[in-house]
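Protein chains: 2
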Amino acid sequence: MTDTTSVPRLSPATLEAFACGLFERAGMDADKAASVARLLVQTDTLGRRTHGLAMAPLYLADMARGGLQGRGQIEVVSDRGVTAVWDGHYLPGLWLMEQAIACGVERALQHGVACLAIRRSHHIGSLATLVRLATEQGCIAWISNSEPAARRVAPYGGREALFTPNPMAFGWPADDHPVLIDLCASITTTSMTRQLHARGEQFEHPWLLDGAGRPTRDPAVLEHAEPRGSLQLVGGQDHGHKGYGLALMIEALSQGLSGHGRADAPSRWGGNVWLQVMDPEAFAGAEAFATQTGHLAAACRANAPVDPARPVRLPGDAAEQHRQQALADGLQCSPQAWAALGDWAQRLGVALPTG
Amino acid sequence: MTDTTSVPRLSPATLEAFACGLFERAGMDADKAASVARLLVQTDTLGRRTHGLAMAPLYLADMARGGLQGRGQIEVVSDRGVTAVWDGHYLPGLWLMEQAIACGVERALQHGVACLAIRRSHHIGSLATLVRLATEQGCIAWISNSEPAARRVAPYGGREALFTPNPMAFGWPADDHPVLIDLCASITTTSMTRQLHARGEQFEHPWLLDGAGRPTRDPAVLEHAEPRGSLQLVGGQDHGHKGYGLALMIEALSQGLSGHGRADAPSRWGGNVWLQVMDPEAFAGAEAFATQTGHLAAACRANAPVDPARPVRLPGDAAEQHRQQALADGLQCSPQAWAALGDWAQRLGVALPTG
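Chains F and W are the protein sequences, given in the same order. For the first sequence, the residue numbers in the UniProt record's numbering are 1 to 355. For the second sequence, the residue numbers in the UniProt record's numbering are 1 to 355.
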């Protein structure tokens, strides 16, 4: 495995061009390749490294086995202006979401609100990256998704995995940089659990349940034990009914409203999406919204911290710091991700950028 | 104080007529009195006793001191069809919400979705009771609210209360009875904390923070200590950034979009509301929605429980059990609530029902 010293630090533009080349050479339509590459690199710049370019080798592998569809068109299942349902036919999720957000923003500016449910998208990456696209156009956005082919979270009081972590990102524009709330219905995520397991480590806290429903710190229970365990719901043993409520809500929005989900027992990697875009101008006005949310942000940042060394931040503050740093200093992939990208570059005959 | 044996068990209809009489005699418009009485009693039938008739003496006291406004009209701040903003002028929150839901359902049936932000409502009681009204008409509803005059929850990493618990209820219709998800951004609520403090008890778990930001089980820190403490966010010390995200989102929706909130430093009891109503028919269809959510509900109820004696339930199952029992056996107020209602009945010259 490559060690850190041999991974070049590259500009986001260089990495984007490299990734775009890989996807195109693998057979993805040019516009889709460009979109996926751009948004994966944006995700890295925002500091969400598990969902950035590290995903590219997984997408390429899924394309090669006929999962992710590199070519094709969105099917409109229903369209009533304010509401719509799309079938994504397992097309690249980041590209699909870029189309969805463009459509959502246009319609929100017209109607005040737009809601879109998508069935059979492929993986949509980091929700915060996508929400940010809408905030850049002055809109509020909420994105949630679920994966009806996967089961990693048990209902509260149960011991059999049934849901996915079912994330929700919610963001709004602000003077300095957008507020980007990013949470999910489980305490930790599938990718964090896989990373820890790969490193042979344990979680610091018992964020999983084993197959008998007992709390555990061991990431192996999720995919390497029989009976399988699950990720604990937000609130854990103590108040996990709250995480349960979020998980159910997001399943209902993404699967119920898109009309496709666990009832159809799909088996492919992909997911269902809920997108809602709103224009503050259509309520009490963008200025009034900025006044109230600006006051709130200032009050949070001015709140006396429990630990004087750790001031209170807003969700999105850390992402903006990462972004500024990546724009100034470039990005360095993890040794694992770089090695996997290198393998694909060789296989597809794409030159590996050297910086 | 009255003991339990002297509190009569009464039919919901009898209690409703009694409460309606109290509100009318106190000077509330007849339609508003009827609505508030009906919804408080419905809340009791659903088993949410802290937000049922136990609230009536508090509403009457606030009316007497000029807070809650018994007479008046809703002011429409903006109306664009799919989106609207109302100023509730501290009119009875349950009545306001009954109007809001009727309006939201009508518009959702027309446009697919309707969103309404309300500033200066008075207390809106139990959100689950209100969401249920929309589900009875085949719609999905989401209600959240915040109280910009109150501070009881600190931002994550902070030690000064800034938010309210900021509840969210989300529900949808189902064959048997609606799913009613009911959660908030803090682990416990203001009313639970006050009840425990009144009884001289401690929480079983450290669900509050003292004024220095240390976890505590003592309910006194919320309103009876200096410096004041706060309610812990959902996720607690371990993953309270998730509760923080929910708290911020609900402040932005209810205050930001209604254009009134903490930036205006209001001091009256009341709150701001976010209401969203959706018609599943405007997405992939009501039947497809029922298929997916019905499958999900069945899968949850069939999930092997951690404790064999406690099967997995859906949010709303317990409320339905309470409702069936209340309809069959009637309702008995708590001795405290009955004593307070008796005081108001005497003061206003309303006969106390005896069963």
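Please keep in mind that the hints were generated in silico from the structure rather than gathered at the bench. Errors might be hidden in some of the hints.
The following residues of chain F were derived to be distant from chain W, with all beta-carbon distances above 10 Å [claimed, not checked]:
id, residue
1, Glu160
2, Asp182
3, His205
4, Gly235
5, Gly236
6, Leu246
7, Ser258
8, His260
9, Ala299
10, Ala304
11, Arg313
12, Gln346
13, Ala351
Label-pair distances were calculated between CB atoms; the ranges are [claimed, not checked]:
id, chain 1, residue 1, chain 2, residue 2, range
14, W, Arg301, F, His205, 22 to 32 Å
15, F, Gln325, W, Arg80, 40 to 50 Å
16, F, Gly294, W, Gly67, 49 to 59 Å
17, F, Gly294, W, Pro215, 49 to 59 Å
18, F, Glu287, W, Gly285, 18 to 28 Å
19, F, Arg301, W, Ser267, 16 to 26 Å
20, W, Ala298, F, Glu201, 51 to 61 Å
21, F, Ala102, W, Arg25, 55 to 65 Å
22, F, Ala309, W, Ser6, 28 to 38 Å
23, W, Gln110, F, Glu106, 15 to 25 Å
24, F, Arg301, W, Gly355, 26 to 36 Å
25, W, Glu136, F, Gly67, 20 to 30 Å
26, F, Glu106, W, Ala13, 26 to 36 Å
Predicted model, so just to flag it, every value in this text is computed and none were measured. All C-beta atoms in this analysis are idealised placements derived from N, C-alpha and C, irrespective of residue type, glycine included.
* Hints not upheld, ascending by number -> The structure conflicts with hints 1, 2, 3, 4, 5, 6, 7, 8, 9, 10, 11, 16, 17, 18, 20, 22, 24, 25, 26, although it agrees with all the remaining ones.
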